[in-house]
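Residue numbers (numbering that gives the first Met the number 0), protein chains in the order written: chain A, 0 to 190; chain B, 0 to 167.
Treat the hints as calculated values from the structure; they're not laboratory data. The reader is advised that the hints may include incorrect statements.
Unchecked claim - Below, in silico cross-link-like pairs of lysine to any residue (SDA-like), each with a Cα-Cα straight-line distance of 20 Å or less: (1) B:Lys54 - B:Ile139; (2) B:Lys54 - A:Ala21; (3) B:Lys54 - A:Gly70; (4) B:Lys54 - A:Cys24; (5) B:Lys54 - A:Trp17; (6) B:Lys54 - B:Trp112; (7) B:Lys54 - B:Ala159; (8) B:Lys54 - B:Arg1; (9) B:Lys54 - A:Arg16; (10) B:Lys54 - B:Arg4; (11) B:Lys54 - B:Ala124; (12) B:Lys54 - B:Thr120; (13) B:Lys54 - B:Ala118; (14) B:Lys54 - B:Val11; (15) B:Lys54 - A:Val25; (16) B:Lys54 - B:Leu131; (17) B:Lys54 - B:Trp18; (18) B:Lys54 - A:Ala86; (19) B:Lys54 - A:Arg95; (20) B:Lys54 - B:Ala64; (21) B:Lys54 - B:Ala5; (22) B:Lys54 - B:Arg82; (23) B:Lys54 - B:Pro97; (24) B:Lys54 - A:Ala20; (25) B:Lys54 - B:Arg123; (26) B:Lys54 - B:Pro2; (27) B:Lys54 - A:Gly14; (28) B:Lys54 - B:Pro121; (29) B:Lys54 - B:Glu16; (30) B:Lys54 - B:Val95; (31) B:Lys54 - B:Gly8; (32) B:Lys54 - A:Arg104; (33) B:Lys54 - B:Trp119; (34) B:Lys54 - A:Leu22; (35) B:Lys54 - B:Ser3; (36) B:Lys54 - A:Arg18; (37) B:Lys54 - B:Thr9.
What the hints assert, rightly or not - So the derived label-pair ranges between C-beta atoms look like this: (38) B:His144 - A:His61: 23 to 29 Å; (39) A:His139 - B:Val15: 45 to 51 Å; (40) B:Thr120 - A:Pro102: 53 to 59 Å.
Here the structure is a predicted model, which is why all the values come from computation and not from measurement. Ideal placement from N, C-alpha and C gives every residue a C-beta, glycine not left out.
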Amino acid sequence: MSSGWRGYRPRRAPGARWRLAALLCVQLLGVGLIVGYHYGEGGALDPNQGLRQLDFLSLHAHVPGLPTVAGRPTMVVASGIGGRCLAQLSTASRLRNHPGGLPARFGLVVLVPVGVAGGPTSVAALRRPGIEVRPDPGGHFAAELALPGAVAGCRPGYALLNSLGVVRYRSYDPQWSVHGGEQSILLAALR
Amino acid sequence: MRPSRAIAGTLVTGAVEAWLAYEYHVRGTDWHYVLHSLLGIGAGFAVAAALGTRKVVRWGLLGQALSVMPDVLFIVGGIPHQRWMDIFVAHITIHVVPQPLLIATALFLLAGWGWYLTAWTPARASGRLLALSGVAVVAIALAVHHPIPTTLSQTRAIEATLRGQWCW
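Okay, chain B solo, but in the shape it has when bound (with noise of 0.2 Å):
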């Protein structure tokens, strides 16, 4: 790649993260920044690992770029949330599992050195492993994740469950 190129491109991308990162400040929703930008590029990281490809930036940032996709659409175009939006990296169901910040920064470490290790090194089959832990961990915690709350009742005794608890 030709510098003036990849200047450009880290200008461009250092923009975007900023106006994102911008957006949801304003909003108070810094969690959620932090939260889906964790997931989506770990997410990133582990297909990185899983194709064993060293451009590893660009996967990082396409499964940032998806898992925020619903807040851009949210921000920019008034569309609010809706349950097929877990299309986007878990978006909707991410909110409701135990623990969701360590979720997501359980698979940006593990996919992150799982790929260093398959892209880098010889230990190939055991850095797709890691990747794959961290994609597991993510799984587990949604197969048991809190409901999503339709009754007032629901919200308060979920509020009650949770209530004092420490909570990322």
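Chain A extracted, bound-state conformation (with noise of 0.2 Å):
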């Protein structure tokens, strides 16, 4: 007597084995697909998980005292302090001017924390074409941004807020600076 699995005899199909070699294929594809990314930038190992980030304005908050440009949709982006940190204002400079990077229709603000330990003092000195150098007591604008890395741990963060000044986006994106296309796109929405 034989029944279930134990009598169990595979139904032989033309080309069976060929089928079931290209599912595992398929299969082991997209497992190493996900082993491989495991260890890119962005993946489980990374420590930056800005990458993962969805492109979505799900943020409705207000932060006293961090207006906008000129009443136009801004993108704010949080400095730290040290010349390290500092060189986010180059990195700015460069989304403003690149192409396809930060159309002038829209503002763009770093904050640079003043007053504390290793900062500088005052910011006139870091002013920038098509940019607008806002100093940052103490880093408290980062942190009201949730951006508070951006100041202690030097990542790369920003918000975007609409033309009233409400936070609508923020993001540790380490690969900002090359992101102006999507950053557009999502302050466009916000008019």
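The two chains are supplied separately, each in an independent frame; assemble them into the complex guided by the hints.
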């Protein structure tokens, strides 16, 4: 007597082995993609998970004292202190002036912490064309924007504000300087 | 199907797939490509298993096309993501479930084997059950997803919760 799996014999169909091999290959390819990506930028082992964030305008938050640039949708970049962090100013310049970067119809603000150890005392010497450099006393605004890592850990972080100054998006994006196209799409949707 | 049509279809599909992978890659969003592709193809496998059809390639590709549709709308049409885009294989909410990539992989593997058993062996009921278990894994994950933050304090709280966690 045979029943169930003990007596089971797979139905023989033409090319069954090939189909099984194809399914195995597809699934191995999928698993291989995941394992490979595990070690890549933004993968599970990457401490900066900013690249996983969805471009979704889910926030509706006010940060008092953080106005937009002349009532325009504005990108606010939180900078840290010291040479490496302040290099974000140059990066912002590239974003502003690069073809496909952030168009002039959108505001671009870089917050520079002042009054903290190791930081500048004034932002007057840091000005760049096309960018508003604003002092951020003690990193207060960066903290309010949920971007404390920008000041404390020099992580690249930014927020997008609509023309009324409402924060609609914020991200730690390690590649923010080359994502002008995506930022423009989001800012255009904030009009 | 005539060989010429099969070859043309393969070439077109390959070209579209390569374009899609490239567009994700240049934006540094490979993680999203892997996530939505696995989830969409897995959903296609599950439908093929439910229908008992052997035409799994078209169902897998249709599932992937639906799953990545909001990103295509963003890239091509400049349309930002919106909450209603969850109709495209949970495109929004899948980002905030626990371990999204593991969940998508579970669906991809379980539904794939479920389809194989359903379409090519007598163990059809077992195949459908296997595919259904993959769908159930996704459904449970969606039911317990983290909230999508609407305030900065929620953003801070979620990041504090996830900090230091191993996260696929």
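Evaluated hints:
no., hint, verdict
1, B:Lys54 - B:Ile139, "violated, 28 Å"
2, B:Lys54 - A:Ala21, "holds, 14 Å"
3, B:Lys54 - A:Gly70, "violated, 55 Å"
4, B:Lys54 - A:Cys24, "holds, 17 Å"
5, B:Lys54 - A:Trp17, "holds, 15 Å"
6, B:Lys54 - B:Trp112, "holds, 14 Å"
7, B:Lys54 - B:Ala159, "violated, 45 Å"
8, B:Lys54 - B:Arg1, "holds, 16 Å"
9, B:Lys54 - A:Arg16, "holds, 17 Å"
10, B:Lys54 - B:Arg4, "holds, 16 Å"
11, B:Lys54 - B:Ala124, "holds, 18 Å"
12, B:Lys54 - B:Thr120, "holds, 15 Å"
13, B:Lys54 - B:Ala118, "holds, 9 Å"
14, B:Lys54 - B:Val11, "holds, 18 Å"
15, B:Lys54 - A:Val25, "holds, 15 Å"
16, B:Lys54 - B:Leu131, "holds, 18 Å"
17, B:Lys54 - B:Trp18, "violated, 24 Å"
18, B:Lys54 - A:Ala86, "violated, 54 Å"
19, B:Lys54 - A:Arg95, "violated, 49 Å"
20, B:Lys54 - B:Ala64, "holds, 16 Å"
21, B:Lys54 - B:Ala5, "holds, 13 Å"
22, B:Lys54 - B:Arg82, "violated, 32 Å"
23, B:Lys54 - B:Pro97, "violated, 32 Å"
24, B:Lys54 - A:Ala20, "holds, 16 Å"
25, B:Lys54 - B:Arg123, "holds, 16 Å"
26, B:Lys54 - B:Pro2, "holds, 17 Å"
27, B:Lys54 - A:Gly14, "holds, 15 Å"
28, B:Lys54 - B:Pro121, "holds, 17 Å"
29, B:Lys54 - B:Glu16, "holds, 19 Å"
30, B:Lys54 - B:Val95, "violated, 32 Å"
31, B:Lys54 - B:Gly8, "holds, 14 Å"
32, B:Lys54 - A:Arg104, "violated, 50 Å"
33, B:Lys54 - B:Trp119, "holds, 11 Å"
34, B:Lys54 - A:Leu22, "holds, 13 Å"
35, B:Lys54 - B:Ser3, "holds, 18 Å"
36, B:Lys54 - A:Arg18, "holds, 12 Å"
37, B:Lys54 - B:Thr9, "holds, 14 Å"
38, B:His144 - A:His61: 23 to 29 Å, "holds, 26 Å"
39, A:His139 - B:Val15: 45 to 51 Å, "holds, 48 Å"
40, B:Thr120 - A:Pro102: 53 to 59 Å, "holds, 58 Å"
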